[in-house]
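K.L.:
Order-wise, the sequence lines are chains A and B.
Those letters in the first sequence? Residues 2 to 277, by the numbering used here.
Those letters in the second sequence? Residues 65 to 234, by the numbering used here.
Calculated from the structure, these hints are not laboratory results.
Errors might be hidden in some of the hints.
Said to hold, decoys possible - List time: in silico SDA-like cross-link candidates among lysine to any residue, alpha-carbon distance up to 25 Å:
id, chain 1, residue 1, chain 2, residue 2
1, B, K153, A, E10
2, A, K5, B, V208
3, B, K222, A, I4
4, B, K123, A, K233
5, A, K5, B, A220
6, A, K6, B, F116
7, A, K233, A, D221
As the list claims (entries may be wrong) - Computed footprint of chain A on chain B, listed as stretches where at least three residues anywhere in the stretch have a Cβ under 8 Å from a Cβ of chain A:
id, region
8, 81 to 95
9, 161 to 174
10, 180 to 190
Predicted model, so just to flag it, every value in this text is computed and none were measured.
For every residue, glycine included, the Cβ atom is placed at its ideal position computed from N, Cα and C.
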Amino acid sequence: MHIKKMIDERLSALRAGPVFISAKSRRQNIRPLPTAAALFLCILIAVPVMGSTIPGVNRMISAVSSETARMLAPIRMEYEDRDIEVKVRAAMADKYIAAVYMSIRNDYTGNNNYLMDWSDSFNKHFGSIGIDDDTDNIRLIGTEGDLRGQKVTMHIAPEKSKWQITVMMMPPDETLDSFCRLAIGEMEFDHVYISPIGITFSGMGGLSDPPAALTVMTQDGASHICELVAFKIDGPKPWLYWVSYSPVEAPLDVSEIRDVQTGGQSVYITRLKKYD
Amino acid sequence: MAPDRSPDFQRIVTAYGDSLLRMCYLYLQDIHLAQDAVQETFLRVHKHYASFRGQASEKTWIVRIAINVCKNYLRSNWLRRVDAVASLKSIPAENPNEYDDTLIVEIMKLPPRYKDVILLYYYQEMKIREIAEALGAPASTVAVRLKRARERLKKALKGWYFDAYKENDR
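All chains should be built: construct the whole structure from the sequences, respecting the hints.
P.N.:
Structure follows, in structure tokens:
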């Protein structure tokens, strides 16, 4: 058999076209659940709902192991009391970092009269106080461990039993995994992973200081600042390294990203839809 | 005749896209990298078409760009642990039972310096002179590499069915 024909027939599924230049969606197909699994799921959902209202069930939940209790804890993305209001705007974890974007309005913001405890899941905390409305916009970043699909409970006061929110760290619906070309001093990056909560470059070579921030340009002409949140190195020389940047304001829409810039220069990313 | 300075990109993608993608896949053994490589190839073609002087054929020029892009990718540390068999299994075949992947896998396993001459000669159906232009190497070097690549394939296939492929039976 003719070699060219053999290759063309075997690889007939590989066709060049406009589709492959767009960002790759990693959306998973949802399969129908068997009845037993569905029933178990109903119980799993019902118990925490009851637990939030029935003291006996609440005690039962607290009696089981901490891991099970965490699994059964009801998702609570908002908390509001007389003098504090907490809202989680996004909670997501990709394969490199985890991020929670939340706002806390407190009548006494500025006096620092609340404490936060995020159970060691997040090792970085960025916050800014709104000028007009006494609201803290807080971004929690976790760079150690994989939090994808895990529940995390955060306490918003010294009295942990009262003010708490629990979030599910959702894996991103859409990511972009691509070849890139970025040189920073002696560092050379050849791979980039982009999710709504982070841009992670990886590469190999010498070492330099990575820039403190990147700018992401979107199709609507807006620019979004992303701060350096993680810099990991594996050696010995030549070093392997990863640097992660997290958007400051809110998660990004990956499909809308037009350009990534550092120091005013575009980073070459092969699978980025730049030329629309 | 001087080439048109504004490329008919639709024609170029239609004429070369599929074969470049398949060649890059066999070269890189990873479909996503191959897609990246083809995209980068076309971007380079688009950017440099005005400087294409027509000394080589358009196909030779584009294949040369694709091979250079693939070589750049191969320098990346991301490709070191690639399993050719597993990679090929991830590519769906119309009738999986009808295909014997042995030859293709052995081609994928060749070192790059042999793989490129085999792919250009047998898959892109280029002449030794054209391959030499595409690789920027003397024709004699290409001929020697092709001979050694065939010997490697023949040894890997243990005379199984590679013997059936003579030089004039690509």
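K.L.:
Now, for every hint given, state plainly whether the structure supports it.
P.N.:
Evaluation of the provided hints:
Under the criterion of a C-alpha separation no larger than 25 Å, the hint pairing K153/B with E10/A is consistent with the structure, at around 14 Å. Only pairs whose Cα atoms come within 25 Å are accepted, and K5/A paired with V208/B is accepted, the gap being roughly 21 Å. For the hint linking K222/B to I4/A, the alpha-carbon distance of about 17 Å falls within 25 Å, and the restraint holds. At roughly 43 Å between alpha-carbon atoms, K123/B and K233/A are farther apart than 25 Å, so this suggested pair is violated.
Taken as a hint, the K5/A and A220/B pair is honoured in the structure, with Cα atoms around 19 Å apart against an allowance of 25 Å. At most 25 Å may separate the alpha-carbon atoms for a hinted pair to count; K6/A and F116/B exceed this at roughly 30 Å. Using a Cα cut-off of 25 Å, the hinted pair K233/A and D221/A is violated, with the two alpha carbons roughly 33 Å apart. Given as covered by chain A, the region 81 to 95 of chain B passes the check, having 9 residues with a CB less than 8 Å from a CB of that chain where 3 are the minimum.
Remark: the region 161 to 174 of chain B is confirmed as covered by chain A, as 4 of its residues place a Cβ nearer than 8 Å to a Cβ of that chain, reaching the required three. For the region 180 to 190 of chain B, the assignment as covered by chain A holds, since 3 residues bring a beta-carbon within under 8 Å of that chain's beta-carbons and 3 suffice.
Hint check: violations occur at hints 4, 6 and 7; the rest are consistent with the structure.
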